[in-house]
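Whenever a hint applies, use it, and build me the whole structure from the sequences.
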Amino acid sequence: MPLALKQVFRAQQLSLDDVCAKYPQFPRLIAIKIDVQRRGVHYTEAALSVVDPKRHQVRGSYIFGARDGQLTPVPESLVLRDGTTILTDTAPIEQNPYVVDLVDGELWLTDAGTPVEPVELWAEPAYYDKVTSSGVPMKYVITARPQRLNIFQSGYCHFWANGKGCRYCDIVNHVKEQRKEWGIPTRLRPQDVKETLIEALKEPGRFTNICLTAGSDTRGEKAFDSEVNFYIELLQAVGEVFKTRRFPSQLIATAFNEEQLAKIYIETGLTSYTADIEVLNEDIFNWVCPGKAEWVGYREWKRRLARAVDIFGRGNVGNGLVGGVELAKPHGFKTEDEALQRTLEEAEELATQGVTTVYIVWVPRPGSDFRDQKNASLEYYVRLAQGLHDLRVEYGLGVDFDDYRRCGNHPDSDLARLL
Amino acid sequence: MPIELPRELVELFYAPGTVKVLATVDEGGAPSAQVDPLLTLDHDGNVLYLERFESSRTNRNLVRSIWFKRPVTVTVSGYGGNSYEIRGLAVRAHVSGLIFQTHYTALRRQVGDIDLAAVWIIEPLEFRDESWAARQRNETEKHPAFVHLDRLVRTQ
Chain R
167 MPLALKQVFR AQQLSLDDVC AKYPQFPRLI AIKIDVQRRG VHYTEAALSV VDPKRHQVRG
227 SYIFGARDGQ LTPVPESLVL RDGTTILTDT APIEQNPYVV DLVDGELWLT DAGTPVEPVE
287 LWAEPAYYDK VTSSGVPMKY VITARPQRLN IFQSGYCHFW ANGKGCRYCD IVNHVKEQRK
347 EWGIPTRLRP QDVKETLIEA LKEPGRFTNI CLTAGSDTRG EKAFDSEVNF YIELLQAVGE
407 VFKTRRFPSQ LIATAFNEEQ LAKIYIETGL TSYTADIEVL NEDIFNWVCP GKAEWVGYRE
467 WKRRLARAVD IFGRGNVGNG LVGGVELAKP HGFKTEDEAL QRTLEEAEEL ATQGVTTVYI
527 VWVPRPGSDF RDQKNASLEY YVRLAQGLHD LRVEYGLGVD FDDYRRCGNH PDSDLARLL
Chain F
21 MPIELPRELV ELFYAPGTVK VLATVDEGGA PSAQVDPLLT LDHDGNVLYL ERFESSRTNR
81 NLVRSIWFKR PVTVTVSGYG GNSYEIRGLA VRAHVSGLIF QTHYTALRRQ VGDIDLAAVW
141 IIEPLEFRDE SWAARQRNET EKHPAFVHLD RLVRTQ
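These protein sequence lines map, in sequence, to chains R and F.
Using the numbering used here, you'd call the opening residue of the first sequence number 167 and step up by one each time.
Using the numbering used here, you'd call the opening residue of the second sequence number 21 and step up by one each time.
Hints listed in this document are in silico derivations from the structure and should not be mistaken for laboratory results.
If you're wondering where the values come from, they're calculated on a predicted model, not measured in any experiment.
Beta carbons: idealized from backbone N, C-alpha and C, even for Gly.
Worth double-checking, as some hints may not be accurate.
As the list claims (entries may be wrong) - Per label pair, the in silico range of CB-to-CB distance:
{"hint": "1", "chain 1": "R", "residue 1": "R412", "chain 2": "F", "residue 2": "Y99", "range": "39 to 49 Å"}
{"hint": "2", "chain 1": "R", "residue 1": "T210", "chain 2": "F", "residue 2": "R72", "range": "44 to 54 Å"}
{"hint": "3", "chain 1": "F", "residue 1": "Q130", "chain 2": "R", "residue 2": "V216", "range": "49 to 59 Å"}
{"hint": "4", "chain 1": "R", "residue 1": "E347", "chain 2": "F", "residue 2": "P91", "range": "44 to 54 Å"}
{"hint": "5", "chain 1": "R", "residue 1": "T210", "chain 2": "F", "residue 2": "E24", "range": "32 to 42 Å"}
Stated by the list, open to error - Covered by chain R, according to a simulated footprint, are these stretches of chain F (three or more residues, beta-carbon under 8 Å):
{"hint": "6", "region": "81-89"}
{"hint": "7", "region": "122-130"}
Set out below in structure tokens:
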């Protein structure tokens with residue numbers, strides 16, 4: 167869609183103030199988070215002048231690329247005054263992002279020149295300037311959010327091998343770029359992970375959760391055995407660091423079969439499991455996620471999620487959505503009302519089986535098939551967050567493993583702070 | 021900037037034996053009071069509350085305060101009968117970063133193996149002298165009719 171048309175379209179949507187007035191029971195700070203994630207940010211020169219790479223975390227390696235398609239060292243992201251983490255990235259100024267500027271010596275989110283909220287930058291973790299005994303910079307082994315450690319075991323997704331990667335995803339293109347620019351390891355060594363973790367946890371009060379994720383690996387005697395075995399290897403290395411049998415952790419992976427899941431649960435200290443179905447509609451799933459459809463299938467993916475509850479327990483199994491991709495053109499839902507209704511219906515079906523559903527705000531990334539699409543309105547995302555939260559309330563489902571602190575990327579699970 | 025608290029109230033925060041209570045309300049308006057000896061003031065004159073439990077009612081209610089501008093009160097009472105009530109709003113929650121980690125480390129040094137969920141900053145909006153003498157004086161001056169007549173009968 168041409169830029170001018172995009173801006174007209176945006177102008178027809180409700181503004182932040184309109185949405186907050188229409189949904190007064192929804193926290194404004196979370197609405198701001200969503201809107202910043204939808205639109206991205208731009209840092210003024212004045213804002214960048216106070217960034218100190220020794221104190222502030224700057225953009226580093228990550229599993230997905232940024233919407234500006236760059237790897238330049240701007241701040242990694244932001245924190246609001248209620249502690250809410252905003253995972254967002256820099257967007258070209260012509261796309262009308264929020265602007266982070268210096269106002270009276272403080273960093274503020276601004277919109278059209280009006281200050282919206284003060285923000286803080288993520289703190290640089292102490293281990294980021296260290297290297298492992300094999301010589302790999304630790305910041306490329308485990309990446310940090312304000313309170314979470316991310317272990318991205320491999321940046322390659324085998325669904326891409328025959329051109330069936332998820333259409334919103336840029337994982338393989340991004341990893342190639344990072345490998346070329348920074349020398350990011352293709353595959354992590356368990357010993358490097360363990361050494362990095364030991365170093366990271368020397369910082370008191372910094373981290374509360376460990377998350378492992380990667381692209382899908384279809385290889386093995388049974389599909390995905392290779393992926394499962396590597397996760398087990400890494401989780402065992404992680405487990406050696408802790409005195410407890412289990413440790414707060416999340417695996418975001420392919421929907422494994424029961425045998426594979428039981429193996430992971432028994433042989434490691436993992437406490438929660440998430441298999442992102444990405445979109446809750448079979449036809450749209452088949453279009454958006456052709457690799458997942460080919461190797462697992464929509465109904466089997468949902469069945470495996472439900473079976474995972476038997477192994478990990480209620481409240482410890484999650485399903486993630488790329489919120490808004492269900493509206494992608496031309497095969498997505500035609501209206502936001504329909505998308506919301508149908509998505510929440512299927513999320514409820516999963517909730518009855520003990521599976522909790524969260525979403526991330528879809529960002530059409532330059533390295534993905536859907537790069538020219540647009541994400542949904544702020545109002546849609548607010549309603550989706552409220553709807554998913556209400557399902558958790560109705561079905562008594564916890565989301566401790568994926569909340570504002572342990573993840574920080576799901577507006578709906580930010581609302582769990584009230585429960 | 022928060023309102024300026026009187027010196028006597030500030031001193032009461034740090035006096036030995038002072039009882040400090042943080043009262044918050046839930047979604048339905050039900051109050052919840054938490055006695056907490058660690059309630060203190062920060063350099064800007066805000067009340068600083070170290071929440072140890074992520075899942076506590078107080079923590080939930082403070083989230084409600086910062087999100088929906090629900091007032092909270094802090095009562096500070098000394099041995100000598102001095103007592104103040106501060107009405108305020110939660111305006112900041114440090115759950116990560118330098119300030120959080122500094123308090124996390126200090127708290128554990130002071131108390132032992134304990135966790136910290138948040139460093140809450142409560143901005144005072146108003147305060148009241150709630151000592152017995154002040155309340156009695158206030159009632160007598162503003163509401164002279166609020167008295168049982170038997171107390172006014174001549175004794176001789």
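Here is how each hint holds up against the structure:
1. At about 47 Å, the CB distance of R412 (chain R) to Y99 (chain F) agrees with the hint of 39 to 49 Å.
2. Checked against the hint of 44 to 54 Å, the pair T210 (chain R) and R72 (chain F) fails, with Cβ atoms roughly 39 Å apart.
3. Here the CB-CB span from Q130 (chain F) to V216 (chain R) is close to 33 Å, at odds with the stated 49 to 59 Å.
4. With their beta carbons about 51 Å apart, E347 (chain R) and P91 (chain F) fall inside the hinted range of 44 to 54 Å.
5. At roughly 34 Å, the beta-carbon separation of T210 (chain R) and E24 (chain F) lies within the given 32 to 42 Å, and the hint holds.
6. Counting residues of the region 81-89 of chain F whose CB lies closer than 8 Å to any CB of chain R gives 5, so the stated coverage by that chain holds, three being the minimum.
7. Closer than 8 Å: that is the beta-carbon criterion, and the region 122-130 of chain F has 3 residues meeting it against chain R, so the requirement of 3 holds.
This entry does not satisfy hints 2, 3, going by the numbered hints stated previously.
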